[in-house]
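A.B. asks: Fit chain B to the known structure of chain A by using the hints.
Number of protein chains: 2
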Amino acid sequence: MNRSTSSPSMPVAQTISGLSIGEYLIRRLQEHGLEDIFGIPGDYILSFYGMLEKSPINVVGCTREDCAGFAADAYARVKGLGAVCVTYCVGGLSICNSIAGAYAEKSPVVILTGSPGLRERTNNPLLHHMVRDFSTQKDVFEKLCIAGAELSDPVTAFREIDRVLDAVVRFKRPGYLELPRDMVSVVPHLSHVFPTQNTTSDPQALSEAVGEAAQLIENAEKPVILAGVEMHRFHLQDELTALAEHTHIPVAATVLGKSVIRETHPLYVGLYEGAMGREEVTKYVEESDLVLMLGTFMTDINMGVFTANLDPSKCIYATSEQLRLKHHHYHGITLPDFVSELAQRKVTCSKRTIPDGIRMTMPAVGEITDKPITTQRMMQMINPLLDDETIVIADIGDALFASTELVTQGRSEFLSPAYYTSMGFAVPATLGAQTAKRDARIVAVIGDGAFQMTGMELSTIVRHGYDPVIIVLDNHGYGTERWLHPGDWKYNEIHPWAYSKLPEFLCGGTGYEVSTEQEFHAALLKSWNDRDGMSIIHVHLPENDASTMLHRLSSRLGARV
Amino acid sequence: MNRSTSSPSMPVAQTISGLSIGEYLIRRLQEHGLEDIFGIPGDYILSFYGMLEKSPINVVGCTREDCAGFAADAYARVKGLGAVCVTYCVGGLSICNSIAGAYAEKSPVVILTGSPGLRERTNNPLLHHMVRDFSTQKDVFEKLCIAGAELSDPVTAFREIDRVLDAVVRFKRPGYLELPRDMVSVVPHLSHVFPTQNTTSDPQALSEAVGEAAQLIENAEKPVILAGVEMHRFHLQDELTALAEHTHIPVAATVLGKSVIRETHPLYVGLYEGAMGREEVTKYVEESDLVLMLGTFMTDINMGVFTANLDPSKCIYATSEQLRLKHHHYHGITLPDFVSELAQRKVTCSKRTIPDGIRMTMPAVGEITDKPITTQRMMQMINPLLDDETIVIADIGDALFASTELVTQGRSEFLSPAYYTSMGFAVPATLGAQTAKRDARIVAVIGDGAFQMTGMELSTIVRHGYDPVIIVLDNHGYGTERWLHPGDWKYNEIHPWAYSKLPEFLCGGTGYEVSTEQEFHAALLKSWNDRDGMSIIHVHLPENDASTMLHRLSSRLGARV
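These protein sequences, in sequence, are chains A and B. If you want our numbering, it's the 1-based position in the first sequence plus 868. If you want our numbering, it's the 1-based position in the second sequence plus 868.
Extracted from the complex, chain A is given alone in its bound form (with noise of 0.2 Å):
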């Protein structure tokens, strides 16, 4: 795990000179970690995607901006920073929606864009790819980014860099950079001091909540940990493992919080969803005396469609925006500060007890039939397989409702916009995840609907020799929709592709195509040992399959539609 962007090691006062603003920029992604881009060239940012073919950083060409964009997100959230690489308005507009959903769901991702030169504009002519004004993509991010500026006055272009940079990585939402295209290579004139300051604490602050924290935790006698997907961003998952062993507390993780610890560990005890999800583990959490919501957002899907019933007087509830004990707010504290201070201080509490049978096992497959798969019992197939190398990525729909319950060992990765539930993030997302760790295992599941979406980003894939396993789900359109609207409702049905015939369209990869839990079970074993190449696996699902997540929901949201 890459931490160098929670805590950037970098020179201290270093001044620089002679750089171009391009130049500079690719230094400080570097400096930052990032070792690979994602995008598409487009004539405003050529000369850029120049300079960055000729740097270490790896340009990985897409097919299109908004896939780029999902790449980037994932690449960020098992590295730390992503970046994406598009050209003025018909590149930037078009990865809207990936960057709304890293802003949505807190991924740190920098969007760096060319747009027309400055000595081009005058007399404001119609430059092509121009919507209003010059600054009409700049007034669009502003509503979809922590920060952002374009790089147009020499003098504050290296600090503009900086700041940006620093609030992607402060706040791990995306940040925004606009590049004149003849900015590119201009070096200002100036010696530009790297910047130092570390977002510290005030210690004061920071003694008197954790002191406070710590006296309500062994004041508790059934105290819970609620673990959030900050735990993730921030890479607080040895912090957090530590601090419940230290106090015996049990955690459980929100859906978007999901592997955040490894759920064999025997403190965790499942996802807490509300009445969306398991009841055991709802009633275990809402009967607390203390809840310590560590980097939780209180989203619908998280917490179940508002059916969480979490009483503030008993909870802690910590976030990078915010950190409030019972119903009083503590300003000036870092999310990691807070963490790791709490952690170090081994409190000690009451052992609270974890009753038999609250921890979801994954029931073993048991006899594998000729019968139609479920997706039920799909997972109980995958479940086994997992291990320490191992990255899920789950779709939107069913596809993450049936993946929620697979048990994540050690290290392995969930990845999922479980928030923001954009679909079409999971092909584009395992080019990213793989990109960043190019010899885990990814195992990625995708609704039919959100596959025809963005699935064509398995060019990418093939292209690189990458070797995902895909499944598709195939229920002949958009299924959870169905639950959620009942009626005939043609508007739900999608044209039939032959997913299993990719390979032969993009010249890659391996196929399969299949209805039973047995020639489900031996394309999934081959896929797995397959590492020469991607694998597909086109499932037939029957029409009115679900899992039992989808089920409660679709009773709990149905009644809204």
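Just so you know, the hints here were simulated from the structure itself, not pulled from any lab data. Misleading hints may appear alongside valid ones.
Identical copies look the same in the list; a pair holds intra-copy or inter-copy alike.
In silico DSS-like pairs for lysine-lysine, Cα to Cα no more than 27 Å straight-line [said to hold, decoys possible]:
1) Lys1394 / Lys1369
2) Lys1151 / Lys1219
3) Lys1182 / Lys1194
4) Lys1214 / Lys1182
5) Lys922 / Lys1358
6) Lys1305 / Lys1358
7) Lys1090 / Lys1194
C.D. replies: Positioned in the frame of chain A, the structure of chain B alone reads:
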């Protein structure tokens, strides 16, 4: 040609009550001539989808939202109004680029989107699909649309729908309507009066301007009309032809205006593209003592990257946004009124001769050999097939540059995003145009890079049994960029796809793979005569193949990259 949108035949002062907000919206869209709508359902828009599916409007489900946007844009170009219906954020933010293109190129597209219900928004919860706050999507589209409204108040909802639709039709730019999901079925308790006002010109200003223009024309010795895209958008093709024929003034067109007058018309001289275009036309236009620029925008691609050399004191410049005679401006005059009045005035002026050879003639095909096929030879073979019922759709790059040399016949249409130049327009635009004109013979020309972005929308074309001829120009990458930024750059390379095998993958259509003149010619004729389904021709081009226009462009644009 449907003209209902430029002068809608609205019921006068008809009052209406008892309709829900969703029903009123559907009714108004129908009254504007809309018969089909493109999109993808999602949970925040499901109830409106249900309403649409029960209405006479045909819902065309696409594979991706951005494709739905491009399809709606092309539909609007052919039929006068287009619409796309998507869910909140994950849907809406996926069409930013398509809508930006419609804005830039003046295509009247209505965006309909769902959003969380007003009752769900209390206490500012983190609802799924939300980015920063509830208004993020609306804020983004404010930058990309001519008008927008959130239909959150029953008292104003009908008026807001009227206002946005009127702006779309009047300015030929996209408009945004957001429906909180709990407002769709709300029936406002008021009787609503349909809007009756039509935008009309100030009669005195109109009379003065037309009089002055007539005088200028009468005094001119070497006048020329330069016709642009708004002649298409406002359906002024007949008025343009009438004006030219009454006055005997020769007509040139911009690239975006191509096909505004049939290119075999005796008064047509060719495409004016500044130094990018043919020297004969450039000289003819620039030597004129009066240039009537009608519906023409001064864009860099249209005008040959600013090499156009037109003296304002010799110009009449009329668009929907301004009317300028020499250096003075008239206000309060619509473009249709100005053009119609001028055409009816029957002004006479000296009959300017059109020199032989100024009009480009496509050379006859001649002997078809077994030499490698080139874009230039392809166009020579396509050209004789064009007739009144043909629509030519060109994607960006040499697909566009080469296609501009085609000579459109009669009412044949030429669609291309020639100003905004967003790759990946052509295949979804084919879906849109074919939906608007079921019987049209559509031929689409697309580079391989563009095809990899959106080509899978052929899925929907196959699904509906449409029969366009899709020609994929395969030069192994982003060919135009090789010319703009010379060098052995890897970033221009893309992964090869077996395009001709797509019919097997999509379970429909016929594929061809060709490399020589004879092979292309045979495949073209077979495809042209095959009305049973779509045809896709995979054309292997020599890597250095380029049209003459691309050669000229690269020498002009290359220096700026």
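A.B. asks: If you check each hint against the structure, which ones fail?
C.D. replies: none
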